[in-house]
Amino acid sequence: MTEVKHVNLFQRLFPSVISGILLGVIGAVAAAWLVAIWAPENYDAQVAAGYTAWALFFFIGIGAFNGVARWGIARRDATPTEELYLAGKDQGLWRYFRYTTDHKVVGMQYLATVLVMFFLGSMGAFMIRLEQSQPGAIFLNPSTYNTIVGMHGILMIAATIVMISGPFGNFVLPIMIGARDMAFPRLNALSYWLLFAAIPIFFSTLAFGGFPTGWTGYAPLAVQELTPGMDAYCFTIILFAISTTVAALNIVTTVLVFRARGMTWGRLPIFVWGVLFSVVLGLTAFPSFLMSQVMVVMDRVFQTSFFVASFGGSNWLYEHMFWFMGHPEVYVIALPAMAVAAEVTSVFARKPVFGYRMTIGSLAGISVLSVLVWGHHLYTSGSTAALNGPYMLDTELISIPTGVFFLGIIGTLWRGKIWMTVPLLFVAGMLVNFVVGGVTGIYLADLPTDEILHGGMFVTAHFHFTLVGSMVFGFFAGFYYWFPKMLGRRLNPALGRFHFWLFEIGFLGTFLALFYAGLQGEPRWSANVAPAYAVPNLIASLFAILIAASVFILVYNVVITLLRGERAIANEWGARTLEWMVPTPVPLENFEHLPEVKGLPYDYSPSSPNTDAIPVMVPATPHDYQPPESLKNDGGGGTIQETPLEN
Amino acid sequence: MSDEHIERNTDGIRPVRQEPRHLRRAVIIWALLSIIGIVAVIFLAPMVLPVAADDVDATANGTLVFFTVLAVPVALFVFVFLGYSVRVFRVKEQPTDGGTPLQPTPALQIGWLGVTGLLCLFLVIWGLFASYQQTVAAPSNTLVIQVTGQQWLWNFNYPQYSASTQGQTIELPVNRPVVFEVSSKDVLHGFSIRALGIRVDANPGQITSTTIVTPSRIGHYDVACVELCGLYHSYMWSAVDVVSGSAFNSWIVSQGGHL
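For the record, the sequence lines run as chains A and B. Counting from 1, position 532 in the first sequence corresponds to residue 532 in the working numbering; the numbering is continuous, with no gaps. Counting from 1, position 188 in the second sequence corresponds to residue 188 in the working numbering; the numbering is continuous, with no gaps.
It is worth saying that the hints were derived from the structure and are not from the lab. The hints are all genuine.
Facing chain A, according to a computed beta carbon distance under 7 Å, are these residues of chain B, among others:
| id | residue |
| --- | --- |
| 1 | P50 |
| 2 | A60 |
| 3 | L64 |
| 4 | A71 |
| 5 | A75 |
| 6 | F89 |
| 7 | G98 |
| 8 | G99 |
| 9 | T116 |
| 10 | G117 |
| 11 | V124 |
| 12 | G127 |
| 13 | L128 |
| 14 | R199 |
| 15 | V226 |
| 16 | L228 |
Residues from chain A shown here face chain B by an in silico Cβ test under 8 Å; the list is partial:
| id | residue |
| --- | --- |
| 17 | P220 |
| 18 | W419 |
| 19 | V435 |
| 20 | V436 |
| 21 | G455 |
Note that CB positions come from ideal geometry on N, CA and C, so glycine has one too.
Using the sequences plus the hints, can you model the full thing?
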């Protein structure tokens, strides 16, 4: 057993998020002030300098460079004691506020952040619905309205991009493949804290006049806008893109090299495949988004003119760079949610996934095809007429692997022993909404119908059906499914069902009404609803009350569960994947004995002996905690010595 | 298409079928609901869709209805099999044993890919054909209207009459082809007239011509901006009045035009 590093109170508090924020704010103010001396008129330059300094000094303050500095100055690696201290050993709740490398801590940080972002984003959505409930501008002035629409969009898009790969991809995925931690624990902490650092930048837009562009940030409007609120948008995206890239590389490497003995590619749980495809797709997509925002910042600060037509730039350049990220990105969101659905369905139908290879193939097909579909956002832009045909073909080809995915889920449910828990309920809701979202996607992908629907409320309703109705429902399936493992408590199932039904009914009512408004020709992004569309908008707003209620039910359920929920058992649902084989709460190193995997984790047949289903554990170091009760009788037979994996 | 679905599925799942004929029941429910759904779509669609003022919009509305008719059995397939499974195969407590382990047969997989692939290709060909139909040569009497977006209104110019409109409502003569040449002075705008099936971006520094349309129905229609263009995007509304030829002539003179 390794010694734990002893620290006094001061060392406990610093470095932590407190010192990070302190140093970051001081650095930001100093940098902005220095630039103000040199360029007093250029507010964009001052703000940009402030944001850059914030990011840099925040990471110095939180201790992100300590490892680098130790290696660079003292010429040594961290000792095991220091590594354990970095991983948050024996630090209680405080480890969640430090630059902690343990993948479970990072997963929990992501989960809390995603939930807060969802909450704030949904509050924005309710303000939008309030504004659109009656014709004319009633509650918000146009500037506030545009900013709220944009903030709602970015909060929700950012939250949905990380909602599964962040919390579950970090907490569950390494355990699922039988690893002790992620491949790059410090990069893991970096990816979370980059996301965290982007949030104050994002909300600072409110102090700098907001931004008028919506979540798409289209140039030249983004370049033209005179208030520095737009810079907040750009810097948020830049930090977020770096964060997802770091996280993606980490997850890819972890899955490539940290799989347990016997965890071949053909035995990898579908959830792992889904996250893997998603992050690889994100690696191709996000750099162009990052670059587009760097170019917007340059246009704003240094008066370059990438996007200004009167100086030789082009708005089409921005649109292509944006959508080259923007369309793969929805599949970055979709793939892990679909994989969660497959995983959850198999557990609660007590059946193997119907066509394991087939379902993985469908996810792979989607991720390959989706790289080249972005042009369908530009059908009406006047820029890509010659390629409209290929874009349309590729977009509609995606419906084939998506159909295969549906076959897999329906086949898994068929003749199963269906245990209708809250996670499965959310999967069922997801399937219903995803069908509607997918079918309406065909209308928008096809040239003649897109010509009357583009830029309208129909588009809004369509992507809410796919992103919220399908993927966020998939997230909630995962949330209710893994909550007992991650937090060690049982969420109240009755409140969970109530949450589901309020959400589903409210959701269907809201967005079916908006489909109708879109068919009539209502434009998007309109604070001033024309009288012709008043009725469907009012209906949508009334149904949105149900969604709002469901949000508060969820909050109540989570709070009450954390305060006095029942303790969950190690294998709450009787599932067969590895994360359910370790004790709850999960020990720091996950496994005392690294497992050896003998087959797919989907065999629920009573005839198959349990020893096959539950993986054999082989001894490995370190032995700093007791083996789980559930495993004492089964595994432990092997004697192969496993090299300890670095934490 | 629907028949193939049935056959393929039966092929795939037959080897493991036991007691009640769940598959047959589900397929019958699906087929019945599909027929009801398709009939409902055909009868309800005209009530839901807005009136079209020209052929382009009418074609687009027709495509919407047609796609919905195709979508009904596809969506119902998922709904029925999902609903049937959840109702019939449900257990009350945490199950102790597993369900029937099913795996898809190659025939089912190939059949499923074949059906969805054909459906998908059909939609692509339909879309290409429909958009190709719109590219017609300009007749000699085509009315040209230059549309320039700016924050936050539309400027309309009739070069053939040397007229620029003063207000935000323009007039079009009925049954005369018209083409809009759309551009922008500042940022991206989106020029759309739902009733004419026109929707094209107004790009700064570029002129984009719309499809040539022939308004065939006298009436008052909205012009909306469909790209977020800044502060007063929500207020960037204009209108077109499709009027008789003589009424148009007197209107264009009133706008300072020369016949």
